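**Student:** One letter stands for each residue in the lines below.
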Amino acid sequence: MKAFEEVNRALEDEELQLALGKASLSSQLKVEEVLRSRPELAELAKEVREIKKRSIARLDELIEQAMNSLRAVKATPHFAEGAERAREIVGKLVGSGKLVVLSKSMAAAEVGLREHLQSLGNEVWETDLGELLVQLEGSKPMHTITPAVHMTRRRAMELLRKAGARVEGESIEAAVRAAREFLREKIVRAHVGITGANALAADTGALVTVENESNIRLVSGAPPLHIAIVPVDKIVPTLMDAVKVAMVQAAYAGLYPPTYINIVAGPSSTADIERTRVYGAQGPVEQHVVLLDNGRLAARGGPFEEQLLCVRCGRCQYECPVWVHTANHWGGPVYGGPMGLAWTAITHDELEAGKLSFLCLGCGRCDEACPVSIPISRMARELRRRALTLGKP
Amino acid sequence: MPLEPAAAAQLVAENMRRSGFPLPAPSDVAYAWARPLNLPARGSPMLYTGALYQLMPYAVSLLEYTSRLEGTAVSSLALKVSRYFTQLAAIAIRPDERLKAYVERVLRSIVRLLERSGIKVAYPYEDDLYSGALLYDLGLDELFAEQAKKVYKALKARGAQEVITVDPHTTHMLRSIYPKYVDGFDLTVRSYLEVLSVSPSQAGKGEVVIHDPCLYARWENVVEQPRRLLEGAGYQVLEPRRSRRMTYCCGGPIEGIAPKMAKKIARVRLAELSERSKHIVTLCPICYVNLWGAAEGEKVSDIALLLAGEEG
Ligand code: SF4
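Residue numbers (this note's numbering), protein chains in the order written: chain A, 1 to 393; chain B, 1001 to 1312.
In short, the hints are calculated from the structure, not lab data.
Remember, predicted model here, so these are calculated numbers, not experimental data.
A portion of the hints provided could be inaccurate.
Covered stretches of chain A, as calculated for chain B (at least 3 residues, CB under 8 Å) [what the hints assert, rightly or not]:
(1) 353 to 365
(2) 378 to 386
Listing some non-contacts, in silico: residues in chain A with all C-beta distances to chain B over 12 Å [stated by the list, open to error]:
(3) E47
(4) A83
(5) S139
(6) R153
(7) I261
(8) A271
(9) Q282
Backbone N, C-alpha and C fix where the C-beta goes; we use that ideal spot for every residue, glycine too.
Make the full structure from the sequences, and use the hints.
**Tutor:** Written out as structure tokens, the structure is:
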């Protein structure tokens, strides 16, 4: 079966098996430790579940409000019904012959943004180190938070050197230093910076992102044009809510405290001369926010609605007995593992997700791991049911 | 991939229609073990096994058989010729004899343990029907609903009010899933591990490491009782890194669809368990078979045999 060929290859890949075993163990221990030492985070996760549930229930209204709030802070909102429309909007804003820097965004991957911008004749670089390695390798992100989880240091060095980064020595530190120099130069010269968001606050139009590398703040803060691509399920009522979402995402990804939580509401500006507000101070002159639907609105009221609560922490992946042998080679073309099944059904193709769902053990570890208590294994069963009754795979 | 999921599902559905079991097995597979016991065939509490233990020796043989098909033309053809394929499979399947003897000992031990706790059970013999657990897991909902109604009706007709189950899958089906599929479902369902009386802990039998089955641990809250029972029987119970609600699957549920993956998962779990003890105790026939099949020197025991003092 074609859908499982990729999985079978992954099983034979000794290096991958070793890397995943190590990464999943360290992630599991890290998250456990964070949650044990800070019991308030589990409480916050419960609150975030309620926030997201309420948001999904009144999403149309929140989209409207978010668009108005974005206009109020001098950002330009766009609405993209599908992947193609999103590519078109961003493609028009960027044009061609530009230098574009991206910060890791699953939404950008979902719509195939990097490839699209390249096809228009732009030079495009990922700035998250893991995502850069994935770009250089020509593969796809293997985990929601740690996209290059499958790579050894040797492979990473090899890729960086091939791209022209000056890696001196064989240490991981040397690789990181080289990547920093390599990317710095691009970020400074970039015409456009493209980010995702962990949450968008409807009340203020503020985008909240959480990170450790500081590349998101550079990408959203340095180039004259900032474009954010934000799936509509990330809209929450208030800025406080948005920060809570980011905190929970970081905690359940085992990155706590997160080094940076960024809040960006509109382009940079100054009113230092005669108290006259002028947009485009040190940061972007213009900011555009593309709200991406791509199946999400239609998923409401359906069997996979609860996946819309997902904060993309990736914990279900590291905790899944199947995923730790496959990484994102299983679960769908963009989103992988337990969370990938329903996301694939929502944003891509239900039947494909259905076929993949037969590899799910139904063991429920993902349900237990999920900060927002998404019944992931129950949805996987529903995918199987529908695959068998609706379309004969 | 020995069987495409849809082909496997068709095979299961076809077998259900033919024999009432999800895989080829003789018609007395569920109750042959209980013949010599002469338990009352009506009454309450009713011991209901749902045939899961008894089917495992046939499942093991069937899976051996289908794994041999891996990469052959038969596996891709299976979808189209499932009727033929089922007959073919039916002829080829002989139960794993060692396992058959083992599960029969487990079931007889359970009856003895219940008696020791002062619980006299009835047993439905021909009506110890398959619970439909696999149908539910695969998403064959119509077949499952049909089966659930059939099982409920049969148990009621034999006078059951309280049902005592012997494995996590059947317990989960009857207790948590049947009520959603059977109108007016009113049976009280408990696992035998929940009704046995616990003796005060004693020492002397050595250490075992416990492998919580996912359904007991995460859905049915059968977590502390097995530990107390083992301690009462003289065992020191050790916990693996991942236990209780965060227990780790044995890989068994995908054995039929992805045996290589299932084996890898079992090895991960075995390694983790044997860090604590080389003697592993299981509470579920699927866990038992999958861990036992992947064991490399570890000893795997079903809890019932340890509690009954039948295995040390
Ligand atoms: S489904 Fe839950 S655990 Fe998985 S990525 Fe989403 S929020 Fe995290």
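**Student:** All the hints need checking, so say for each whether the structure fits it.
**Tutor:** Tested hints:
A count of 9 residues in the region 353 to 365 of chain A with a Cβ less than 8 Å from any Cβ of chain B is obtained; the coverage claim is therefore met, three being the minimum. With 6 residues having a beta carbon nearer than 8 Å to a beta carbon of chain B, the region 378 to 386 of chain A meets the requirement of three or more and the stated coverage holds. Here A/E47 stays apart from chain B, with its beta-carbon at least about 21 Å from theirs, past the 12 Å limit. Residue placement check: A/A83 keeps its beta carbon more than 12 Å from all beta carbons of chain B (closest about 28 Å).
A cut-off of 12 Å between C-beta atoms confirms that A/S139 is not in contact with chain B; the least separation is 21 Å. At roughly 24 Å, the least C-beta separation between A/R153 and chain B is larger than 12 Å, which holds for a residue marked as non-interface. Distance to chain B confirms A/I261 as a non-interface residue, since its nearest Cβ pair spans about 28 Å, more than 12 Å. Separation of A/A271 from chain B is adequate, the least Cβ-Cβ distance of about 54 Å exceeding the 12 Å criterion.
Non-interface status of A/Q282 relative to chain B is upheld: no Cβ of that chain comes within 12 Å, the nearest being about 47 Å off.
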